[in-house]
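Chemist: Heads up: the sequence lines are chains A and B, in that order.
Numbering-wise, the working numbering puts 132 at position 132 of the first sequence, and it's gapless, one number per residue.
Numbering-wise, the working numbering puts 2 at position 2 of the second sequence, and it's gapless, one number per residue.
Careful: at least some of the hints might be erroneous.
Said to hold, decoys possible - Using 20 Å as the maximum straight-line C-alpha spacing, the simulated SDA-like pairs for lysine to any residue come out as follows:
(1) A:K81 to B:D121
(2) A:K81 to B:E122
(3) A:K63 to A:S77
Quick caveat, the hints were computed from the structure, so don't treat them as lab data.
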Amino acid sequence: MRHDHLLTANQLTREDIELVLDRAAEVDANPAAFGKRHAGTLLGLCFFEPSTRTKMSFEAAMKRLGGDVVDMGSVDSSSVKKGESLADTVRVVEGYADALVLRHPLMGAAKMASEFVDVPLVNAGDGAGHHPTQTLLDLYTIRENAGLDDLTIGIMGDLKYGRTVHSLATALTNFGASQHFVSPESLKLPRSVRYDLHEAGATVREHTDLEAVLPQLDVLYVTRIQRERFPDENEYHRIAGEYQIDAETLDAAKDDLTVMHPLPRVDEIAPEIDDTDHARYFEQAHNGVPVRMALLDMLLEGDS
Amino acid sequence: MSDTDKQLRVSKIENGTVIDHVHGGQALNVLAILGIDGSGGEQVAIGMNVPSDTLATKDIVKVEGRELSQDEVDVLSLIAPDATINIVRDYEVVEKHRVDRPGTVTGVLSCPNRNCITNADEPVETRFDVLRDGVRCEFCGQIIREDIASHIDDD
Chain A
1 MRHDHLLTAN
11 QLTREDIELV
21 LDRAAEVDAN
31 PAAFGKRHAG
41 TLLGLCFFEP
51 STRTKMSFEA
61 AMKRLGGDVV
71 DMGSVDSSSV
81 KKGESLADTV
91 RVVEGYADAL
101 VLRHPLMGAA
111 KMASEFVDVP
121 LVNAGDGAGH
131 HPTQTLLDLY
141 TIRENAGLDD
151 LTIGIMGDLK
161 YGRTVHSLAT
171 ALTNFGASQH
181 FVSPESLKLP
191 RSVRYDLHEA
201 GATVREHTDL
211 EAVLPQLDVL
221 YVTRIQRERF
231 PDENEYHRIA
241 GEYQIDAETL
251 DAAKDDLTVM
261 HPLPRVDEIA
271 PEIDDTDHAR
281 YFEQAHNGVP
291 VRMALLDMLL
301 EGDS
Chain B
1 MSDTDKQLRV
11 SKIENGTVID
21 HVHGGQALNV
31 LAILGIDGSG
41 GEQVAIGMNV
51 PSDTLATKDI
61 VKVEGRELSQ
71 DEVDVLSLIA
81 PDATINIVRD
91 YEVVEKHRVD
101 RPGTVTGVLS
111 CPNRNCITNA
121 DEPVETRFDV
131 LRDGVRCEFC
141 GQIIREDIAS
151 HIDDD
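Construct the complete structure from the given sequences, taking the supplied hints into account.
Modeler: Structural data, given as structure tokens:
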């Protein structure tokens, strides 16, 4: 990779993505070979928003590379509570760690923070903006299950605020995937993501229901419709109910359809799907560790 | 309007800048970009919705005693892409050039996305990439296509 920081999926070329995924496959095949590669290395975790999977998988990845983490802890127990700026926080933590992982509720936070530090900085989610490492593990999972070439994918749920969707849709343009976006009118893709897709030559195909497009799909990527986005609880229930899938829904799907979800889910995917061959969301979450090991390995060794 | 009229219009100021061929109705936004609201004592003359050969109507802004910087001209290009800049010294037009659209504009526009990091209390200037038909925040990606002048940061 040519980058010092990983901020958005927009900066990733097909070659970059394949390098990370190939390295992740090497990690998966022989984790012990990577077990001491970064002994003595410290990763700084700056999470200004709650996180379970992303934070734990970064921590696991760093420790499995032989390194360790320093964690600023919750916002309530940090200097942020005293009014410290993000710019100051990352400049301080840079002095403690060899690389930084940042999650922040505001869009563009990682981009701004990267301009204040010299160590590699990884965006682990910036508001409704981007989540590029989620995208890398999503792509790894897709490649393992359906391949990345000639892919037809449906992306369903909250496409407006879903940062995982924004990064995934952008990254998939590198592979010429046929993308179908399924959402309520009020949660359609934002203008900025449409712009990126158009600039990349992709066609934006939008639907308000899954039914028409489901039989074509190799992958169905489901995201949570966030209750907090709706001022009216009844409206939320009316809309959310139309974007839930169960075993009966999938009767119309290809037998080898891969169903994914960045998690956490609420009730978008019925538990009865968990035990079917379609379900790949837990595998997807587990892939966060080898993929983040690969990414950290490449960023820390300056694999330019 | 004849060339003689134009010459008269331009030669009325002794030293300063005449911004010509501004789209009709944008003159006040040009002043906003230049940070001129009258409180600084500048002498300013404005012609609004003047008949034009090349534009249906145009505005003209004349600022006495001030020559525009390249940064100011860059930003002007966002709302007045056809403008010509005339630098006047001793009643003579000594330079005349068209505006060019810059690649980026820094520290001039505010981002309308309230969830953008540039709207938090952080030590960062706004930066917008200039697109074919608008501008885009380099931080949050927000695209502004309509009424760019209303996003001029007046801090």
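Chemist: Could you run down the list of hints and mark each one as holding or not?
Modeler: We went through each hint and held it up to the structure:
For the suggested pair K81 (chain A) and D121 (chain B), the alpha carbons sit about 14 Å apart, so the restraint of at most 20 Å is met. At roughly 15 Å between alpha-carbon atoms, K81 (chain A) and E122 (chain B) fall within 20 Å of each other, so this suggested pair holds. A hinted pair counts as satisfied when its Cα atoms are at most 20 Å apart, and K63 (chain A) with S77 (chain A) does not qualify at roughly 24 Å.
Hint 3 from the list above is the single one not met by this structure.
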